[in-house]
Amino acid sequence: MNTQTPPIRSLAQGNRFQRAYHRWAQPYYTAMPPDLREQAEAIDRHLYSREGLFTWAGALGAIVGTGVGLRSLGMPLGVAFLLSGICWVALLFGALSAWLRPEPLLARARRPRQVMLFIALGLCGAVVGMAFGQYLKLGYLDPLTLLQRFSERIAVLAPLLLVVLAGIGLLMWGVARTRQAVLQRQRDRARLEAERDAATAQAREAELRLLQAQIHPHFIFNTLAALQHWVDRRDERAGPLLRELSGFLRRSTEMLGRAEVSLGEELTSVRHYLAIMQARWGERLRYTLELDPALDARTLPPGLLLTLVENAIEHGLAAKLDGGNLTLRTCPTANGWQVQVQDDGAGLPAGWQEGVGLANLRQRLQHRFGAAAELRLQSRPAGGCQAELLINETLA
Amino acid sequence: MNILIADDEDAPREQLADALAQAWPEARIVASARHGADAWDQWLAHEPEVCFLDIRMPGLSGIEVAQRINGRTPVVFITAYGDHALAAFDAGAVDYVLKPVDPERLAQAVARVKARLQQAAAPAQADALQVLLAKLAQDLHRPPLPDVIQASVGKEVRLIRLADVVYFEADTRYTRVVYRHEGQDADALIRTPLKDLLAQLDVAQFTQVHRSVIVRSDCMASAVRDDAGNMHLRLRGREERLPVSRQFQGLFRAQ
Chain L
22 MNTQTPPIRS
32 LAQGNRFQRA
42 YHRWAQPYYT
52 AMPPDLREQA
62 EAIDRHLYSR
72 EGLFTWAGAL
82 GAIVGTGVGL
92 RSLGMPLGVA
102 FLLSGICWVA
112 LLFGALSAWL
122 RPEPLLARAR
132 RPRQVMLFIA
142 LGLCGAVVGM
152 AFGQYLKLGY
162 LDPLTLLQRF
172 SERIAVLAPL
182 LLVVLAGIGL
192 LMWGVARTRQ
202 AVLQRQRDRA
212 RLEAERDAAT
222 AQAREAELRL
232 LQAQIHPHFI
242 FNTLAALQHW
252 VDRRDERAGP
262 LLRELSGFLR
272 RSTEMLGRAE
282 VSLGEELTSV
292 RHYLAIMQAR
302 WGERLRYTLE
312 LDPALDARTL
322 PPGLLLTLVE
332 NAIEHGLAAK
342 LDGGNLTLRT
352 CPTANGWQVQ
362 VQDDGAGLPA
372 GWQEGVGLAN
382 LRQRLQHRFG
392 AAAELRLQSR
402 PAGGCQAELL
412 INETLA
Chain D
21 MNILIADDED
31 APREQLADAL
41 AQAWPEARIV
51 ASARHGADAW
61 DQWLAHEPEV
71 CFLDIRMPGL
81 SGIEVAQRIN
91 GRTPVVFITA
101 YGDHALAAFD
111 AGAVDYVLKP
121 VDPERLAQAV
131 ARVKARLQQA
141 AAPAQADALQ
151 VLLAKLAQDL
161 HRPPLPDVIQ
171 ASVGKEVRLI
181 RLADVVYFEA
191 DTRYTRVVYR
201 HEGQDADALI
211 RTPLKDLLAQ
221 LDVAQFTQVH
231 RSVIVRSDCM
241 ASAVRDDAGN
251 MHLRLRGREE
261 RLPVSRQFQG
271 LFRAQ
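As given, the protein sequences belong to chains L and D, one line each in that order. Under my numbering, the first residue of the first sequence is numbered 22, with each subsequent residue one higher. Under my numbering, the first residue of the second sequence is numbered 21, with each subsequent residue one higher.
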């Protein structure tokens, strides 16, 4: 078997005949969708090249063979070859067009009136053709003989013609149906692949942005400013803050590239973050953790809870002159588990819309849990904001 | 040389104070504010000659305080890396120093401020600065403004719609709210200090005319200057006159 594929030569680079054909076909090619165009060009490359000669010879053989066969059945020579030619050309081109563009053909087949009209038109053509033939032969028209000859011929030809036409029609319909199913499958697969690729790319991008958000320069440098001051002053708060910051950064970098972490690991990150903010803000940040240790082994995409807590602090409590309270709660639910982050800060502004950060979270949740995860964000009646993450394990 | 510094976190604020003591020994920190509204109030009270403002602060941001100062005092912003506002500062319109404060960089900023104090800023430059600050202020996250304030009168808690308020006046430890209620004049005391209230009011609707007075803009009728150079504000359909302090007299100028 030849493992080396020869380079594909377009008809445009072929001999004069091929180039002429390509010029003629160009407008048809450009009107086709890309995948169809590729197939049409491949078929044309075959038909209008040396290897195509065998195909043509085969077609010619079929026409001659059928013609001879019909002649031997008692049909006049001209009629036999005409019929054979029409049938084979119709069959070949019909099948080809059914292969390349099944949809329009099937659409036409769904309208039987059009098919009947087509047959009627063919019969009229036959009558006119015979009348013209008689006129050429006799120099005048003899309607009576014509009608008689026509009814004789039609008795022989009509069943044959009908059978042949029905056969061609059925064949084309079959080819078109098969082809349509194949094309549909291809399209479905391509669409699914594209969707999957897009989802993966989005999730990866979301992960990266999350990491950037976590080790946000603003957060890092503000923490370093406090640290610098306490080191300069030999303040004993410097040591613990440095330890928390190291712990936080180590966790954040370890999350890089991981698809999911346990709830327990995520909560460790959150604890580091809260300890850092508490060191910086002092009395301005008051927080309560109400955690159910039984849920620690549950998994989720990294950084989700941390982002919710950061949002509560950065957007909720940072805007308040005297800070506020934050409550983080994990608890089992009837069908899974949930996390709540509550603050009594600024709340959601009027006409508030979800930003990039939250859309990012939703994407990651969707990617990991599908319909099993729900993220709700709402203003609390007493002021402030509540973020709720619900995981339904019966759907996961 | 009197300076005001503002940062909502204690450690960076103290660090800045220490660093300034080194970089500018003859300067004296007259006010050390914990949030933007506090910084503005202290500016009105002390009229410092230079301000060092953190950008992200509750109440009013450093940008908003600078807008109110309106070029009357040089401002140096202190900011952590990552503030998107930084790009605009690189144009040289205002000076900024990054946190944690680097003594050399701070010394540079101080030298530049000293140079700027020598020569009065051209008005065109001040206008350009205001335009820049307005642009920066748009990007800041603002908590929602309330449309009702709660005041306790005896055993009753009154819900006063901001739309009914005529003016707010600082009254020792409280703030007096003067408002119209069903066609009647009424007043009540609230615990929120006036300077904190300022951050919760829409600047398009309320105008501060004194460190201790904020008036609904469309209630103002006329500003009257007396022989001693003091200014009073008359209100539409009301008897009382409200003081306009020197710092706000620029608001009232005949066109």
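In short, the hints are calculated from the structure, not lab data. Any given hint might turn out to be false.
[What the hints assert, rightly or not] Simulated pairs of lysine to any residue, SDA-like, Cα-Cα distance not exceeding 25 angstroms: (1) D:K155 with L:P402; (2) L:K341 with L:Q374; (3) L:K341 with D:P213; (4) L:K341 with D:G257; (5) D:K155 with L:Q374; (6) L:K158 with D:S232; (7) L:K158 with D:Y101; (8) L:K341 with D:D191; (9) L:K341 with D:K155; (10) L:K158 with D:P213; (11) L:K341 with D:Y194; (12) D:K155 with L:L369; (13) D:K155 with D:Y101; (14) L:K158 with D:L209; (15) L:K158 with D:I210; (16) L:K158 with D:Q138; (17) L:K341 with L:W302; (18) L:K341 with D:R54; (19) L:K158 with D:R193; (20) L:K341 with D:L209; (21) L:K341 with D:H201; (22) D:K175 with L:H239; (23) D:K155 with L:H237; (24) L:K341 with D:L179; (25) L:K341 with D:D205; (26) L:K341 with D:Y101; (27) D:K175 with D:D205; (28) L:K341 with D:Q204; (29) D:K155 with L:A101.
Structure-based check of each hint:
1. D:K155 with L:P402: violated, 33 angstroms
2. L:K341 with L:Q374: holds, 21 angstroms
3. L:K341 with D:P213: Holds: K341 (chain L) and P213 (chain D) sit about 14 angstroms apart, inside 25 angstroms.
4. L:K341 with D:G257: It is violated: about 37 angstroms lies between the C-alpha atoms, which goes past 25 angstroms.
5. D:K155 with L:Q374: Holds. K155 (chain D) to Q374 (chain L) sits at ~21 angstroms (cutoff 25 angstroms).
6. L:K158 with D:S232: violated, 120 angstroms
7. L:K158 with D:Y101: Outside the cut-off at roughly 101 angstroms; violated.
8. L:K341 with D:D191: holds, 23 angstroms
9. L:K341 with D:K155: holds, 23 angstroms
10. L:K158 with D:P213: violated, 118 angstroms
11. L:K341 with D:Y194: holds, 19 angstroms
12. D:K155 with L:L369: Measuring from Cα to Cα gives roughly 23 angstroms; hence the hint holds.
13. D:K155 with D:Y101: holds, 19 angstroms
14. L:K158 with D:L209: violated, 120 angstroms
15. L:K158 with D:I210: Status violated; Cα separation ~118 angstroms.
16. L:K158 with D:Q138: violated, 119 angstroms
17. L:K341 with L:W302: holds, 12 angstroms
18. L:K341 with D:R54: holds, 12 angstroms
19. L:K158 with D:R193: violated, 125 angstroms
20. L:K341 with D:L209: holds, 22 angstroms
21. L:K341 with D:H201: Status violated; Cα separation ~30 angstroms.
22. D:K175 with L:H239: violated, 46 angstroms
23. D:K155 with L:H237: holds, 23 angstroms
24. L:K341 with D:L179: holds, 21 angstroms
25. L:K341 with D:D205: violated, 32 angstroms
26. L:K341 with D:Y101: At roughly 22 angstroms apart (the allowed maximum being 25 angstroms), Y101 (chain D) and K341 (chain L) satisfy the hint.
27. D:K175 with D:D205: holds, 20 angstroms
28. L:K341 with D:Q204: violated, 34 angstroms
29. D:K155 with L:A101: violated, 88 angstroms
Comparing the model with each earlier hint shows violations of hints 1, 4, 6, 7, 10, 14, 15, 16, 19, 21, 22, 25, 28, 29; every other hint is respected.
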